[in-house]
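Using the sequences provided together with the hints, build the complete structure.
Residues per chain, in single letters:
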Amino acid sequence: MSEPFLVGENLTGGYGSADILHGCTIAVDKGEIAVIVGPNGAGKSTAMKALFGMLVLRKGGVRLEGRSIDELSPSQRVMNGMGFVPQTSNVFPSMTVEENLEMGAFIRRDDFNDTMTEVFDLFPILKEKRKQPAGQLSGGQRQQVAVGRALMTRPKALMLDEPTAGVSPIVMDELFDRIIEVAAMGIPILMVEQNARQALAIADHGYVLVQGRNAFSGSGAALLADDEVRKSFLGG
Amino acid sequence: MDWLNALIVLANFVVVPALTYGSQLALGALGVTLVYGILRFSNFAHGDTMAFGTMATILATWALQSLGMSFGVLPTALLALPFGIIGTALYLLATDRLIYRFYRRQRAKPIVLVIVSAGVMFFTNGLVRFIIGPGDRNFADGERFIVTAREFKEMTGLSEGLAIKTTQGITVLTAIVVVALLFWFLNRTRTGKSLRAYSDNEDLALLSGIDPERVVIVTWLIVAALATIAGTLYGLDKTFKPFIYFQLLLPLFAAAVIGGLGNPLGAIVGGFIVAFAEVTVTYAWKKVLGYTLPDDIVPSGLVQLLSTDYKVAVSFSILVLVLLFRPTGLFRGQSL
Amino acid sequence: MAGTASEHVTLRAVLLAITIVVLLLLTGYLQSWNTALVILDMGLISAVMALGVNLQWGLAGLFNVGIMGFVALGGLATVLVSMPPTTAAWSAGGGRAMLAILAGAATIAAALFVWRRIPGGAARGFAVFAVLLVGFVLYRWLLDPAVDAIESVNPAGTGYLGGLGLPILLSWPIGGLLAAGAAWMIGKTALGLRSDYLAIATLGISEIVIATLKNEDWLSRGVKNVVGLPRPVPYEVNLQSDPAFVAQASELGLNPVMASTLTVKLAYAGLFAVVLIVLLLLAQRALHSPWGRMMRAIRDNETAASAMGKHVTARHLQVFILGSAICGIGGAMLTTLDGQLTPGTYQPLRFTFLIWIMVIVGGSGNNIGAVLGGFLIWFLWVQVEPIGHWLMSLITSGMADGSALKAHLLASAAHMRLMTMGVILLLVFRFSPRGLVPER
Chain V
-15 MSEPFLVGEN LTGGYGSADI LHGCTIAVDK GEIAVIVGPN GAGKSTAMKA
35 LFGMLVLRKG GVRLEGRSID ELSPSQRVMN GMGFVPQTSN VFPSMTVEEN
85 LEMGAFIRRD DFNDTMTEVF DLFPILKEKR KQPAGQLSGG QRQQVAVGRA
135 LMTRPKALML DEPTAGVSPI VMDELFDRII EVAAMGIPIL MVEQNARQAL
185 AIADHGYVLV QGRNAFSGSG AALLADDEVR KSFLGG
Chain Y
1306 MDWLNALIVL ANFVVVPALT YGSQLALGAL GVTLVYGILR FSNFAHGDTM
1356 AFGTMATILA TWALQSLGMS FGVLPTALLA LPFGIIGTAL YLLATDRLIY
1406 RFYRRQRAKP IVLVIVSAGV MFFTNGLVRF IIGPGDRNFA DGERFIVTAR
1456 EFKEMTGLSE GLAIKTTQGI TVLTAIVVVA LLFWFLNRTR TGKSLRAYSD
1506 NEDLALLSGI DPERVVIVTW LIVAALATIA GTLYGLDKTF KPFIYFQLLL
1556 PLFAAAVIGG LGNPLGAIVG GFIVAFAEVT VTYAWKKVLG YTLPDDIVPS
1606 GLVQLLSTDY KVAVSFSILV LVLLFRPTGL FRGQSL
Chain S
28 MAGTASEHVT LRAVLLAITI VVLLLLTGYL QSWNTALVIL DMGLISAVMA
78 LGVNLQWGLA GLFNVGIMGF VALGGLATVL VSMPPTTAAW SAGGGRAMLA
128 ILAGAATIAA ALFVWRRIPG GAARGFAVFA VLLVGFVLYR WLLDPAVDAI
178 ESVNPAGTGY LGGLGLPILL SWPIGGLLAA GAAWMIGKTA LGLRSDYLAI
228 ATLGISEIVI ATLKNEDWLS RGVKNVVGLP RPVPYEVNLQ SDPAFVAQAS
278 ELGLNPVMAS TLTVKLAYAG LFAVVLIVLL LLAQRALHSP WGRMMRAIRD
328 NETAASAMGK HVTARHLQVF ILGSAICGIG GAMLTTLDGQ LTPGTYQPLR
378 FTFLIWIMVI VGGSGNNIGA VLGGFLIWFL WVQVEPIGHW LMSLITSGMA
428 DGSALKAHLL ASAAHMRLMT MGVILLLVFR FSPRGLVPER
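Chains as they are written, first to last, in our numbering: chain V, -15 to 220; chain Y, 1306 to 1641; chain S, 28 to 467.
Rather than coming from a laboratory, the hints here were simulated on the basis of the structure.
Please note that the accuracy of each hint is not assured.
Stated by the list, open to error - Pulled from the structure, derived: some chain V residues nowhere near chain Y, Cβ distances all over 10 Å: (1) T9; (2) R47; (3) G50; (4) E55; (5) P70; (6) M79; (7) N97; (8) T99; (9) K111; (10) P153; (11) I154; (12) D157; (13) F160; (14) E165; (15) V194.
Claimed, not checked - In silico BS3-like pairs for lysine-lysine, Cα to Cα no more than 30 Å straight-line: (16) K251(S) - K1543(Y); (17) K215(S) - K1546(Y); (18) K43(V) - K140(V).
Stated by the list, open to error - Selected chain Y positions facing chain V (Cβ under 7 Å, derived; list incomplete): (19) K1498; (20) A1502; (21) D1505; (22) N1506; (23) L1511; (24) S1513; (25) G1514; (26) I1515.
Virtual Cβ for every residue (Gly too), placed ideally from N, Cα, C.
This is the structure in structure tokens:
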């Protein structure tokens, strides 16, 4: 099997002295959607932050396109093509939607109008509200701004931390549709999700983390069909 | 009822001075609010930064004057402004590099930065006095009046005159130009937007690849320009004396808080509110009332709400009112 | 480990205390004993004020920039307590003036009452505004003629209401009370908000207090100053004309004049030292009490503390009032020492930040550190001036006499003090933020 596009292997570490992750491995390949699910406190967001360089890793490492990126800071990883959408505080609330997207493309020195058009095509509602301050939008729309902002750098890989947290089911469906469209553009997507069932339904690959370890891995469909997984985490 | 004369008196003693003072406060408060919004602390040294900027401009003015240069009807200080700004910018960048940066990197509590800025204030105050002495410096030259009271009376035939000093006109015009430039910069340029983004959501800004050090440098440069211009305009209009800039600290902060700390538009509005409040509350209304009320009910006293010695009480009271009832300010700022 | 660290701190305190004593003794030998005692007296007062500020900063993390205002209120108290009442002024307008002040207070109370009773909205705003407007007009109508009448009673000599004619030592606690009252008002308004706001608000209140002292001649004679305050210690002239005293002095080899001034200063020092020791003991007891521990817990982790149900703002208010009261006592002591109330000398910039340097250099959070810091910094502040002059003459000795630069540099030596103090504050805060005698 060839090396996955983005992989965090054997990740062990935490925020201070106590480890949260214990040798877990997460990977995603081009055009794939990989989803990390698990109970609260399992270390899902922590694993994602480890991939992004916001954590001190005691063991294990992260590789992008085969090269280790452990030495790079989060900002540097952005410049190397990783896109990250934090769970909260992921837009510039006092700036307009359009300005948010502009800021998303900040590291780009070339003309990014094409990319902005693509983002507007992907999220039509943003085009409608382009001159509105992002803080005034509804929760679901703000999430779209957040994802759109991350897409402005034309990332090689996109990481989303609980994108559907706190949105209604309809909005969640819409967001997932959009995420599928983004993946269809060839960008590998890694997603941490609380809504495990719906997330696994769209996932090519799923990782169930329990207490910082890989408990189950497999395709989304396989995990959904698995009795044990269903009983423990999906509510039967 | 002599409305016209009443209006002229009002314009001469209230409106024109308040507009002028308001412009100066607005420019100063902009500096305060930018430092608060972007660098996240209340800069107690801002008043003395204005003193420093004015001092630098005065020294450059003297240099220009000794070279025989002048600006015709306008004060030579306007020509010297760029040099003053450069000098102040260097000073602010030095204080940032030597002093503030350490605490910023440590993510120190805001109160720590405030105390440090008080130390910088102390030092700057002494430095300005050391370099230029503590006494009065009147450095305005050029034509004194755009229109004198006498000329006005001759033109209009009214018994009351409206005098507009050159410095007053320059202040308002300069303020308009500077504010326009500032807003253009903040809203239409990439760097300006990055400043706003950094102020809005620091973590996300860093994630977007915005260089924090560059943001800090640009901020200090803008603050230097604002402080120097505000201080010079104030010094031209009144006079330069190092300690008066410390006394401006309270009105400046009141203006910034009223408008909402961190909000530039708020700082401007706040500046004018404070200025108009100070002028109207300490103005002796007797003359205006004399023109507008029937003779028999005109009061005999000066009808001055507060004596001018208590100007500080006006901005302080406004500040207290805002803190009690609407701490985030008129335009939602970044407080609390 | 805690034991050795604590011993370390005690050692530092002892060393610092010895240093200060040595510096004072040296001053006495090399300059004069008079100078040394002057420094000691002011040092004691500064130590008291530093103690007050340290309570606010060390215990609660409050940045009070308005120290001068509370000090000035203490000074006002000395006048209001100890000066004889000007009976002519009282009969001319005193009653009316008091009535005016009551009216003013009633107006504010009424406005607050209206604010609480009427539900929010435009009506409430208008009602409050109307109350304030009517109250203000009433206040001025009562006050202005009274003030004129009072101030016209012998303006050169009095021109004010005077005081209660009580012993001046009473003004020390009363000064504390006045300051506590002002602190209560300011604290209620500005505490519980961001820490910067408290700093700005305290700056404002001190400016207003000082402006009031300078302008309300009927209360404090304004810039005409109140001189000849009664003393708690003997007068030099009285000592000099006392034969027993003169005999004692000559036994010690001192002429009467020198002996009298030294005695007076020593007497003040004794009084001040008693106050300082009492306050220090109380402060130490408070620090180590459960209340003190709770205050420090709040300071160290405010969010956790308030989650546990501690009323953070109320505690901060307590500390703020206490610290300001102590500054008020210090202010009364200061004016007593001066023998006169000179509002013009209350300069916020210099004295406020000097006290802050005392606290930070001495040791924020450590009462004894703050007190010692008070002595040390005051000593430096006084001695830096002659040293600065000496240094400047050294630097300019090579320049031609009468050169503008030389004259300017020599005259600017005074401002070097401000710069030096600023630099010391910044350096100590950066490299030794816990101070010479840190908190345990």
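Going down the list of hints, with the structure as the test:
Under the 10 Å C-beta cut-off, the non-interface status given to T9(V) relative to chain Y holds; the minimum distance is some 25 Å. Non-interface call for R47(V) relative to chain Y: holds, since the shortest CB-CB distance, roughly 21 Å, exceeds 10 Å. Taking the minimum C-beta to C-beta distance to chain Y, about 24 Å, the non-interface status of G50(V) holds against the 10 Å cut. Distance check for E55(V) against chain Y: the nearest CB is about 17 Å away, which clears 10 Å, and the non-interface claim stands.
Not every beta carbon of chain Y lies more than 10 Å from that of P70(V), the smallest distance being close to 7 Å; the non-interface claim is violated. Distance check for M79(V) against chain Y: the nearest CB is about 6 Å away, which does not clear 10 Å, and the non-interface claim fails. No Cβ of chain Y approaches the Cβ of N97(V) within 10 Å, the least distance being about 14 Å, so the stated non-interface status holds. With a closest Cβ-Cβ approach of about 14 Å to chain Y, T99(V) is found to remain outside the 10 Å limit, as its non-interface label requires.
No beta-carbon of chain Y is positioned within 10 Å of the beta-carbon of K111(V); the least distance is around 19 Å. Even its closest Cβ contact with chain Y, about 27 Å, leaves P153(V) beyond 10 Å, as expected for a residue assigned away from the interface. Non-interface status of I154(V) relative to chain Y is upheld: no Cβ of that chain comes within 10 Å, the nearest being about 27 Å off. Against the 10 Å criterion, D157(V) stays outside the reach of chain Y, whose nearest CB is about 26 Å from its own CB.
With 10 Å as the threshold on Cβ separation, the claim that F160(V) sits away from chain Y holds: the shortest Cβ distance comes to roughly 23 Å. A cut-off of 10 Å between C-beta atoms confirms that E165(V) is not in contact with chain Y; the least separation is 23 Å. Once the 10 Å rule is applied to beta carbons, V194(V) is consistent with being away from chain Y; the minimum gap is 29 Å. For the given pair, K251(S) sits about 27 Å from K1543(Y) by alpha-carbon distance, which is consistent with the 30 Å threshold.
Restraint check for K215(S) and K1546(Y): not satisfied, since their Cα atoms lie roughly 35 Å apart, outside the 30 Å limit. Distance hint between K43(V) and K140(V) is fulfilled; the C-alpha atoms sit about 25 Å from each other, no more than 30 Å. Interface hint status for K1498(Y): upheld, as the beta-carbon distance to the closest one in chain V is roughly 6 Å, under 7 Å. The beta carbon of A1502(Y) is positioned within 7 Å of a beta carbon in chain V (closest approach about 5 Å), and the interface hint is therefore held.
With a least beta-carbon distance of about 4 Å to chain V, the hint placing D1505(Y) at the interface is held under the 7 Å criterion. Taking 7 Å as the C-beta contact cut-off toward chain V, the hint placing N1506(Y) at the interface holds, the least distance being around 5 Å. Hint status for L1511(Y): holds, given a least beta-carbon distance of 6 Å to chain V, under 7 Å. Hint on S1513(Y) holds. Least Cβ distance to chain V is approximately 5 Å, under the 7 Å limit.
Nearest Cβ of chain V to the Cβ of G1514(Y): about 4 Å, under the 7 Å cut. The hint holds. Interface restraint check: I1515(Y) against chain V, minimum CB-CB distance 6 Å, threshold 7 Å, status holds.
Violated hints, listed in ascending order, are 5, 6 and 17; each of the other numbered hints is respected by the structure.
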